[in-house]
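Since the structure of chain A is provided, determine the placement of chains B and C on it from the hints.
Protein chains in written order, with our numbering: chain A, 1 to 151; chain B, 1 to 674; chain C, 1 to 191.
Hints may be right or wrong, so weigh each one.
Using 16 Å as the maximum straight-line C-alpha spacing, the simulated EDC-like pairs for lysine to aspartate or glutamate come out as follows [said to hold, decoys possible]: (1) C:Lys-141 / A:Glu-64; (2) A:Lys-89 / C:Asp-148; (3) B:Lys-417 / B:Asp-552; (4) A:Lys-83 / A:Glu-64; (5) B:Lys-593 / B:Asp-583; (6) C:Lys-55 / C:Asp-121; (7) B:Lys-593 / C:Asp-64; (8) B:Lys-593 / C:Asp-121; (9) C:Lys-128 / C:Asp-64; (10) C:Lys-141 / C:Asp-64; (11) A:Lys-89 / A:Glu-64; (12) B:Lys-417 / B:Asp-335; (13) C:Lys-55 / C:Asp-161; (14) A:Lys-83 / C:Asp-122; (15) A:Lys-83 / A:Glu-71.
Since the hints were derived computationally from the structure, they do not count as laboratory data.
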Amino acid sequence: MSLRRWLPWLALAVVLVGVLAVGRSGGHGATSLDGRTRRIAADIRCPTCSGQSAADSDAPTSQEIRALIRERLQQRQSTAQIKAYLVSKYGPRILLRPATHGVSLIVWVLPVVAVAAAAAGLGFTFRRRRSRPSLHASDDDRRLVEQALGR
Amino acid sequence: MNHIIGYSAVLLGFLSAVLGALTLAVGLVRRQPAALRGGRSYVWLTAAAAVVAVGVMERALLTNDFSLKFVVGNDSLGTPTLFKVTALWSALEGSILLWTLILTGYLVAMAVRFRDRVTDPLVGWATLTAFAVAAFFFGLMLTVANPFSTSSVLASDGSGPNPLLQNHPLVAFHPPMLYLGYVGFTVPFAFAIAALVTGRVGEGWLVETRRWTLFAWGFLTIGIVLGAWWSYEVLGWGGFWAWDPVENASFLPWLTATAYLHSVMVQERRGMLRVWNLSLLVATFSLTILGTFFTRSGVLDSVHSFSTSPLGPVLLGFFGVVVAVGVGLIGWRGDRLRSPGSIDSPISREGAFLANNLLFAAFAFIVLLGTVFPLIAEAVSGNRLSVGRPYFDRMTAPVGFALLFLMAIAPVLPWRKASGELLRSRLQWPAWFAAGVLVAAVAAGVRGPVILGAFGLGAFAAGAAGRQLVLAFRRQGWRGLAGRANGGMIVHLGVVVIAVAFASSHSFGHRAEFRLAPGQSARLAGHRVTYLSSSTVKHSNRTSIEARVRVDGGRVFTPAISQYPNSTEGIGTPSVHPGLREDVYLTLVSAPKSPGDSAVVGVIVQPLVSWLWIGGAIMAVGTTLAAWPGRRRRQPLEPASAPVPGVGLRQPASSVREPVGIAFDGTAFDGTSP
Amino acid sequence: MSPVFAGAAPPRPRRRHTSLWAAAAVGFVVALLVAVLATSQSASSVEGGSPLIGKPAPAVAGPDTTGRQVSLRDFRGHFVLVNFFATWCVPCQREQPDLVQFSQRHATSGDVALLGVIYQDDPALVAKFFAKQGGSWPVIKADRAKLDFGTTGVPETFLIDPNGIVLKRLTGQVSDAGLEQLVRAAESLRA
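Only chain A is shown next, with the shape it has when bound in the complex (with noise of 0.2 Å):
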């Protein structure tokens, strides 16, 4: 009887599974070298615009940069040579993405460690509520309901 109920919720677990399955991969120009040149330009930023991407500026630095991205590639360099290679050029202000490593370590972790402590404190205080009734005055209350009393 409870399978019946569950029936029609299997089934659109079913299709969701085999639809994503299908439409994981093959994402627009994600290999090809104008793709990936495209991808790690976007992570740069240009220098001479106010916070454009060298992706999407039209600068003549933004062009050197895709030019330079692309002629590593094609040598076969990874991504974290190139981005090194412009970080000692022009200081760690010109990743878009900031690293991972070092101080800008922080800004990936801080919200991901405050969002799991609020989240846990959330359910504590949820937890500690239910097993106890919370209809109680305390002494503060007490003292103020005398103070309005007038005593």
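Same frame as chain A, but now just chains B and C:
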């Protein structure tokens, strides 16, 4: 002459606001209703001062009064009339003037709306707070950001507004809408402070300010969407949201205000989450001040920044004061004002709204951290880093997905407690709708886990919202679509549309540059782009080289490069061929050297961009419907917690009127122990 | 709030001070934030440094306006001022007379050489500009150089010492007096 009238008006406004605040303070501390009435009357004077100041500035701009430094810097003889008018808010000092005008407008609205309750301390404290904020902004204009400062030399012409601010009519809409939203949050904040000070956190003030918050939120939403649209149409990089510090500055208060709009429903229904709601209102207002600081201080690099000025430290100081007051009051009062009720089960409407608060807080935390982290890193290690789009996209995507999921299940969750059976039956149709949309998307060629996730969860949320709307329509016909709950569902639909369009902008787009001789064509992603010719056009404020490009054998578009008299580089103006499936975005990368030469035309084909603006419009419609009085019209003429005689600052304890939760454990009601 | 009847008096809990602690924590964090924001310098002033200072200068070579191949290496043994330049750049036009004056003063002693690098411009236009405004130092076309030197705009000028080490990066328009002071200081350090 103008500068004397203008400066005097600002001075008058400042004095009036200060006097108003002082009179109200006297009236509140000494409990003198006459003083409360008197204090309120300063509202009209303050508003008049702001109107005069703005009027004088606009007149100066329209009549090319180059004795004012502001007019020299932002206006010129050749500037078209529309951009003369918008020059008011195209630079720092004028934008403060606009802020002040809108703030006094809200003050007037407050005075009118609450004219029957002038002697209520809650209204008194709220008006006092609003006066204090107004006094600050008038004070800014008297000192560090004087729009009416004169130069000793009378210039014969000005330099005109920033070129990017005078080539699109949206400049007339985006800043005023944004300010109507931003500044509008002052009113709920003022009432939150008043509630904390008087200790009256009862449901009365909430109902009063709900519509104000919704109004401000609605305008902020429209302002942000218009800003994105303007960025898209003007900046030429083909994008609309770059997680730029100034964009983030406008987004942060939106996040906390959205959380508030939801969380307040729990307070209305069950009296819970009071401290959350007060904190969210304080946070929203503080974030508007912090955002103003980012925009005007120059510490963060942004394409939107105003010029740097000594305004920064002053704004930062004000931010510190606002947070100190807000946090201090919450710390002092919060525990005493907390309601004794608690959430029965996490799987309930209350639980969902609490989770909603947490998620929006996380979202705001991520955006704020990413925006200021370059400064923190510099303080710690001496090296300034960059935190750009890749970070924000990566970190906010999971939060966005979680919010879409909540959007789907929260409307079907009942209050107090839900059973699995109930959820299963109510979520059937939305879930199958989502599956159907996913299958259709994959069949249409959409690939990639993020975009498919957005489609799936978005459809799930849209299904749940649609289900609510259909049920409401069945019950009450068209009338059922008005009111908070169902207006809110329509807003949710708008959000889903924007979320899906946003996700798809990252996934698949094509860009290329083509060097084309006149008459030559190129193809990109199924579109044919033909370069026809170029011509040089002289406008009153610029000289443009306009290229004529035909798209798909149909309309002709004119991307251009314009040279403004006072800037060294040409400013590119893109031209967009919008479409429901995708936009064809054209830029002139390099103009031909002589009329018959080839030009380099940039082409970007981006999917679903138009749906961002459509989604924004849906949100606007939904907000209007949500503000409509619902079927049950509540006229809250009397607050739930009426003013208690003898209530004021001197007796904080007795101002707590609501029952705090007395346990009858044998003690008599009069407090004596057995 | 429904009253709870009980026979014996239950333990009376102290009121939770969650709000107080949370407010204190938030207040502390915001105070830190304000401190960081108050002591941050503006974004535009963060430019000017360079990771290249103290390191060997990148190789830069290319054809000058006459077609002759010139390289930075040719100037080993002398101080070199590498100057990125474009005719469409207004500050570059304005600094040209100062550069001309500076180069003429050091022409005889030959201790400081100038090497111009074209920044996204047409060599023919550059040649015409130099013919009109003066300037006899080689100006080469080397598109990758602006990246190799980590430039963020134009004009930028780099001082290289006789061993090929980068000493200083100047962004924006330079003056004859400023350059003279810089070179004298560098020379005296070496002496």
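Here is what the structure says about each hint:
1. C:Lys-141 / A:Glu-64: holds (14 Å)
2. A:Lys-89 / C:Asp-148: Holds, at about 6 Å.
3. B:Lys-417 / B:Asp-552: The given pair, whose Cα atoms are some 57 Å apart, is violated under the 16 Å limit.
4. A:Lys-83 / A:Glu-64: Between Lys-83 (chain A) and Glu-64 (chain A) the Cα gap is close to 14 Å, so the pair holds against 16 Å.
5. B:Lys-593 / B:Asp-583: violated (29 Å)
6. C:Lys-55 / C:Asp-121: Measuring from Cα to Cα gives roughly 28 Å; hence the hint is violated.
7. B:Lys-593 / C:Asp-64: Measuring from Cα to Cα gives roughly 23 Å; hence the hint is violated.
8. B:Lys-593 / C:Asp-121: The hint holds at about 13 Å.
9. C:Lys-128 / C:Asp-64: holds (13 Å)
10. C:Lys-141 / C:Asp-64: holds (6 Å)
11. A:Lys-89 / A:Glu-64: holds (14 Å)
12. B:Lys-417 / B:Asp-335: This hinted pair is violated, its Cα atoms lying about 26 Å apart.
13. C:Lys-55 / C:Asp-161: holds (11 Å)
14. A:Lys-83 / C:Asp-122: Cα-Cα ~30 Å, so violated.
15. A:Lys-83 / A:Glu-71: Between Lys-83 (chain A) and Glu-71 (chain A) the Cα gap is close to 13 Å, so the pair holds against 16 Å.
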